[in-house]
Every structure is written in C-alpha cells, then in structure tokens.
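All chains should be modelled from the sequences, with the hints used to inform the complete structure.
Be aware that the sequence shown starts at 1, since it is given in the numbering used here, and climbs by one per residue.
Treat the hints with caution; some may be incorrect.
List time: in silico SDA-like cross-link candidates among lysine to any residue, alpha-carbon distance up to 20 Å [what the hints assert, rightly or not]:
1) LYS224 to THR135
2) LYS333 to PRO395
3) LYS11 to LEU96
4) LYS105 to ASN74
5) LYS224 to VAL39
6) LYS80 to LEU70
7) LYS224 to LYS201
8) LYS201 to GLY258
9) LYS331 to SER367
10) LYS11 to LYS201
11) LYS333 to LEU197
12) LYS224 to LYS80
13) LYS105 to THR135
14) LYS201 to ARG291
15) LYS11 to ILE226
16) LYS331 to SER189
17) LYS11 to ARG239
18) LYS107 to ALA81
19) LYS11 to LYS80
20) LYS224 to PRO395
Quick list of the computed label-pair ranges, beta carbon to beta carbon [as the list claims (entries may be wrong)]:
21) ARG202 to ALA132: 27 to 37 Å
22) ARG255 to HIS428: 29 to 39 Å
23) LEU167 to ASP108: 15 to 25 Å
Because the hints were derived from the structure by calculation, they are not lab data. Quick caveat, the model's predicted, so the values are computed rather than measured. By construction, the Cβ of each residue, glycine as well, lies at the ideal position given by its N, Cα and C atoms.
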Amino acid sequence: MCAMPARPPRKFLVINPPTGLYRRDDRCQSRVEDQTVEVVFAPIDLATCAAVLRQAGAGVRLRDYPGLQLGWNNYLDDLKAFEPDAVVIKTTFATLEGDLQACDKAKDCAAEILTIGVGESLVHERDDVLAAHPTLDVVVVGEPEPTLAEMVGATDLSSVAGLSFRLADNERTRIVSTASRPLLSDLDSLPYPARDLLDNKRYRSPETGRPLTVIHAHRGCSWKCIFCPAGALSGYQVRYRSPANVLGEIEQCVREFGIREFLFHGDTFTLNRRWLVELCRRIVEARLDIRWGCNSRVDTMDDERAQWMRRAGCWVVAFGVESGSQEMLDKMKKGAQVDQARRAVETCRRHGLRTHAFYVIGLPWESRATLDETFRLARALDTDFFDFNIAYPLPGTEFHELVRSEGLLDESALAEAGYARAAARTFHLSREELNRWR
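Written as structure tokens, this is what we have:
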C-alpha cells in the first residue's frame with residue numbers, strides 16, 4: 001500500500017478474530033482454558049475504540065467472534081453485509097498468525113479494504129510482520145483510540161501520528177512510521193465503551209451467572225516487574241479517570257444494560273487511597289446495589305481501603321503475590337515483601353472481602369527451593385481462589401530479553417506456550433519440570 005488509502009475509511013468493522021478464546025488485553029494475554037476460573041470478559045478495549053470511531057463520525061460494527069462462538073464464515077458474512085472501508089483486528093502474540101488471516105479474507109472480499117492491526121504483539125516486531133504479511137496494511141503503535149479517530153476519513157495516512165505501514169517508493173517498498181503519539185493525558189475525554197454494540201448477556205460472572213462487564217478506571221503502572229509489559233504499554237505514571245466519570249459509566253451500565261457485576265481491571269486499582277475512597281463513597285451514595293472485584297498490589301491494601309471497598313460492593317480482591325521467596329520477588333523487581341502479602345490477605349478477611357492470589361513460577365532463578373517457599377506461602381495464605389501461572393516471556397519485556405540472551409528460551413515453543421505451558425527453562429529447572437509443578 002501507500003500512504004493514500006484506496007478510499008477514505010468511514011465504515012469500520014472492529015473485531016476479535018475467531019482464533020480461540022483468549023484474554024486479549026495486552027498485559028494478560030492467555031488462553032481462557034488456562035485460567036483456574038474460566039471466564040470470558042467483554043472486549044471493553046475494542047468497545048472503547050468503537051465508541052471513539054463513532055464519535056469521530058464513522059459507522060462501526062463490533063464483533064467478538066470467539067466470545068460469541070462464531071467462526072470465519074460469520075466474519076465473511078459481516079464483510080459482505082456491512083461492506084466496511086476498514087477492519088480493525090485485535091491480536092495477541094500466540095494467535096498472531098491466525099489473527100492475520102482476517103486481513104487475507106478481507107482483501108479477498110474487497111481489495112480496497114484497509115486492514116489495521118492493533119495489539120502489543122504487533123508493535124515490537126511490526127517491521128517484520130508488515131514485511132511478511134502484505135495483506136496487513138497498517139499497525140497502530142501506542143494507545144489506539146486517538147489514532148483510530150484521526151484515521152476516520154483520512155486521505156493521507158502519513159499525517160496520522162502513531163502508525164507504521166509499507167510505502168512504495170520508486171519500485172522499492174519500505175516500512176515507515178509516522179510521528180509517535182504521546183499518551184492520553186485526560187482519560188475522561190474518552191467516551192464510554194460502546195456496549196450497545198456488544199451482546200452483554202454473553203459475558204457473565206462465574207459466581208452468580210449474572211451479566212458482568214469490565215471497567216478500565218486508569219492506565220499505567222509505576223513498577224517495572226520484569227515479566228509484565230504494563231508500564232511499557234501504558235506508561236510508568238498512573239493516569240486516572242475521575243471518580244465522577246467512572247461512576248457515570250457504572251450508572252450507564254446499570255440503567256441501560258442491566259449490568260450490576262463489574263471487574264475493575266487495571267494495574268494498580270488500589271494504589272491511590274484518596275481516589276479509591278472517593279470512588280467508593282460516590283458508589284455508596286448512589287445506592288447502586290452493585291457487586292465488583294478488582295486487582296491490587298499487596299502493598300496497597302489497608303483497613304481504610306478495605307472498609308470502603310466492602311461498603312461499595314466489592315466482594316473479591318485479586319493480589320499479584322507472585323512468589324513466597326523474597327529473593328525471587330527482588331529479582332523480578334516486584335517491589336514488595338512476602339510479609340505484605342500476609343497482611344493484605346488478613347486485612348481483606350477482617351472486612352469480609354474474599355481473596356484471589358496469583359503466583360508466577362518459572363523466572364530464570366526459579367529452583368525447587370524457591371518453589372517450595374511459594375507453595376508454603378500459598379498454603380499459609382489459604383486464599384479463596386488462586387492461580388499458579390508459568391511466566392510467559394512476552395516480547396518487549398525484560399524477561400523475554402533475559403531468557404533469550406541466556407539461552408533459556410525455546411523459540412519454537414513460544415507461540416504455543418502460555419501461562420500453563422513453559423517456553424523457557426530456568427537456570428535450575430527444565431521446561432518439563434515447570435509444566436509438572438504448575
């Protein structure tokens with residue numbers, strides 16, 4: 001392609017491709033079947049993209065094919081019925097090759113359709129991916145919402161920041177990138193996700209069976225855990241939506257969609273005590289009768305937070321405990337202490353909050369001794385739910401670079417690996433041993 005799309009895109013088909021049930025958010029890419037509790041979440045990141053496109057004047061259709069148990073034939077039907085100018089394709093590292101079949105099929109349907117890839121799985125190797133997949137026209141680099149909004153009706157993509165694409169120049173094709181785009185400073189400026197484009201009844205709480213949705217209340221993470229891409233993706237400074245803005249989204253979900261179950265999904269939901277207490281206070285005052293869970297670090301939980309969270313409808317808090325070995329916590333750059341995990345779980349129990357612990361095994365220094373420390377801690381904490389995940393070396397993370405440089409990574413196993421299957425051995429344990437211990 002060139003910087004001039006065949007036609008200015010004004011109709012967008014936004015999709016999760018039919019390549020299996022995956023958690024497709026960039027921080028937690030994983031097979032649904034690898035989770036202790038198999039739950040399919042609504043693709044709220046794509047619903048936000050759809051809302052931004054619609055706000056910019058585009059016609060939009062949103063399809064979560066795996067979530068709806070639909071296949072490629074349904075995708076082809078949508079291409080023919082909707083006749084989009086552009087298809088926005090959400091990718092994960094493990095499903096990338098399958099996901100990009102959506103580009104092939106779109107071009108087979110109409111060669112002038114602009115194919116747009118989003119997802120961190122594309123960004124780090126975008127030059128190679130664009131070179132290897134001629135039916136993929138554009139890769140979005142950075143937060144997708146403002147970039148997609150500028151693409152609506154664009155006649156020259158070279159003027160849109162945050163893109164990479166092929167450019168034909170004097171019988172030579174090269175990969176070019178436009179100017180980088182700064183992170184959004186005002187998250188309240190984003191419209192609420194276009195949940196009217198989703199079949200919300202498909203996404204249900206495994207606990208109650210009631211409709212469940214995800215709310216992203218902030219972006220960014222100040223920590224630099226070696227296995228996690230969060231900070232590199234969304235910045236190392238946490239950016240918050242205002243409590244009033246978050247409450248407005250909750251009220252819309254209750255009023256317009258009948259949703260009263262929520263997951264506040266984010267990297268550091270409990271970090272800012274003042275912000276958290278203000279949000280909880282507003283929920284209590286609104287008398288919404290909702291039920292929700294959230295993620296937390298072990299060092300950002302105390303009695304005041306827990307008390308307000310319980311009053312506001314929180315029932316479960318998920319902690320990234322990661323390891324019972326302080327040596328492992330230090331080497332993975334978690335910035336937390338083992339004793340803080342004990343105190344966090346005890347605090348939640350005092351206030352009637354259930355707990356879910358996540359542990360990660362298989363980082364390069366893992367040994368039988370450090371595993372034993374983790375298993376002992378897990379038994380002592382006795383959380384209501386727990387997950388043991390094998391560390392997954394996502395490209396772009398320090399962990400990925402480390403296992404490659406140390407010769408620990410089996411490149412051939414990377415695409416098929418995940419939180420339940422190891423792609424890298426440790427200095428002390430084989431991949432097979434990690435798989436057994438998990």
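Satisfaction of hint between LEU96 and LYS11, Cα-Cα up to 20 Å:
24 Å, violated
CA of LYS11 to CA of ARG239, is that 20 Å or under?
With a Cα-Cα distance of about 31 Å, the restraint between LYS11 and ARG239 is violated, given a limit of 20 Å.
Next pair to validate is LYS105 with ASN74; report whether the Cα-Cα distance is within 20 Å.
12 Å, holds
Does LYS11 pair with ILE226 here, judged by a C-alpha cut-off of 20 Å?
40 Å, violated
Are LYS224 and PRO395 close enough, with their CA atoms no more than 20 Å apart?
Distance ~15 Å between LYS224 and PRO395 Cα, so the pair holds.
Please verify whether LYS331 and SER367 have alpha carbons no more than 20 Å apart.
Roughly 13 Å separates the two Cα atoms, so the pair holds.
Given the hinted pair LYS224 and LYS201, is their Cα-Cα distance within 20 Å?
37 Å, violated
Regarding the pair LYS201 and ARG291, is the alpha-carbon distance no greater than 20 Å?
Roughly 16 Å separates the two Cα atoms, so the pair holds.
Given the hinted pair LYS107 and ALA81, is their alpha-carbon gap at most 20 Å?
Holds, at about 15 Å.
Decide if the proposed pair is consistent with the structure: LYS333 and LEU197, CA atoms, cutoff 20 Å inclusive.
The hint is violated at about 40 Å.
C-beta pair ARG255, HIS428: status relative to the range 29 to 39 Å that was hinted
Because 55 Å falls outside the window, the suggested range is violated.
Under the criterion that the straight-line Cα-Cα distance not exceed 20 Å, is the pair LYS224, THR135 satisfied?
This hinted pair is violated, its Cα atoms lying about 35 Å apart.
Hints 1, 3, 5, 7, 10, 11, 12, 15, 16, 17, 22 from the earlier list are contradicted by this structure; the remaining hints agree with it.
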